[in-house]
Amino acid sequence: MQENNSEYLFSSITMDLSWNTDVGETMAGFFQRLKAERRLYGTRCSNCLRVYLPPRPVCGNCWQQMNDWVELGEQGTIVGKTVCYYEILDSMTGKPRTTPFVLGLIQIDGADTTLNHFVETPDPDHVSIGDRVETVLRDTLQGNVGDIVHFQWLGPPTTSSQGSKK
Amino acid sequence: MVYRAVRACLDDASLTMPEIEAVVTASADLWDGKTASNIAITEAVGAVMKAETRISGDGLLALMHGAMMILSGHYQRVLVVAHGKCSEADVDAVSNWCFDPVYQQTLGVTDSQALSLQCQAIKMRAAEMTGEESIGALVRAPSWSDSCGLTVRQGDGACAVVIEAGDDGIVLEGFGYDLDAHYLGDRDLSRCDGLARAAKRAYEMAGLPDSQTDINRHYWSLRAALQLPPWAEAIGACSFIEGLATLPNERHQIQWSGLPPFAAGMQRLIAGVKDLRESPGSDRSLIHGCHGPAGQMQAVCLLHSDGGPC
Ligand SMILES: [Zn+2]
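As given, the protein sequences belong to chains A and B, one line each in that order. Sequential numbering from 1 applies to the first sequence in the numbering used here. Sequential numbering from 1 applies to the second sequence in the numbering used here.
Bound-form chain A, shown alone:
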């Protein structure tokens, strides 16, 4: 009879798969505009007038294809946030992101949906919902998500920092 020596047997696998995912016509339009104009653009549904950022090809509420591009503001409002104390690997740099850091849901002026991205701030605990942020782009744009470095925290809204809300 076989002795129970508590030895586990494993099959070791390293996943080595790669894809070239087409970003699609709509995201290509977003990246091209970002690169050419250093501006964020959203797509607007001609039926419900909702402005999507990131832009989507089809409005999910109306099942309507969106071909209208809308130039958006450089600033936005934090509508959701979480302060992260647990270190994660930043997929854009491959290095751990220094903790604590703020992950926010940012509604860019002129958009109806929110972007999730990092909020750069000297004091994460003092970031509040409703605070204003400014888009920070990298110097040389490449036409991909990495072009948006982070959103710089500006503080609570003032009359001058309030964007044109629809």
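Fair warning: there could be bad hints in the mix.
To be verified - Not the full set, but computed from the structure, chain B residues with beta-carbon under 10 Å of chain A: (1) Thr-16; (2) Ile-20; (3) Leu-30; (4) Gly-166.
Claimed, not checked - What follows is a set of in silico ranges between Cβ atoms, one per label pair, in the way DEER data are often shown: (5) A:Val-145 with B:Ala-8: 52 to 58 Å; (6) A:Pro-157 with B:Ala-8: 46 to 52 Å; (7) A:Asp-16 with B:Asp-306: 51 to 57 Å; (8) B:Glu-19 with A:Phe-10: 19 to 25 Å; (9) A:Met-15 with B:Gly-131: 45 to 51 Å; (10) B:Asp-168 with A:Ser-12: 55 to 61 Å; (11) B:Asp-29 with A:Pro-157: 49 to 55 Å; (12) B:Thr-16 with A:Arg-97: 45 to 51 Å.
It is worth saying that the hints were derived from the structure and are not from the lab. For each residue, glycine too, the CB sits at the ideal point set by N, CA and C.
Got chain A; can you put chain B with the ligand on it based on the hints?
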């Protein structure tokens, strides 16, 4: 691509998206390079705020899922969408990942290798039954030029259909599916018993006898011409040896294609529906779909038309 297919489908059916009650989609995560390949098409298929289900497999399975939703009595009209986007993936690497992680994956087995093993098994069976010379001649004949070739490597495509409760026009009178053993060595690859069981279930549901030699319209999914004889045998269209010697023949109007993966079964269905629409009088079609290494998963749908408008 997916939106265009859905748009064309609804236009063809003279329907608007609010008239669709539920959506079933078919796609494969690994081949799409996403951990949930339906997330990228939620808006395109109009599934936002709707009952949505995703099937990881050939589109005909999604169609059957939609049919079962209707048979449950809770839904009247369901949109079924299938898509494949294999061109963005390293097909061999991805298909290797689809095998069990302890044995076959470790050996580096790929989809193409599985198909190749199946073609060899079919040729060996054919050689035993006919003599090596004749199979050699068959394989070299021009109509068999694709026999050993892996005719379908990859391809992108999307298909959409709407099914609804009712018994007018073209009726889905029977369907069945079957999953064979995963290990290639557990099956006789020269046969397709999974397809035989799937077809049997479809015939039973339609109230038809098992051996179907009088269905004159066949729409099959194949990746190599050599799969024709075992497929024909399993479906009951003719014997293996008849299939080997005479397919494609005049007796059965067989149209076959394996493109695009995961949308192929639905593409066969749409081809069948289009032909039935144009056929005068009562007619019946058999639609076949499959996925997995060497046709592990098999699905059969039977369509019947009374010749009326649809
Ligand atoms: Zn809309």
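Are any of the numbered hints broken by this structure? If so, which, sorted upward? 4, 5, 8 and 11
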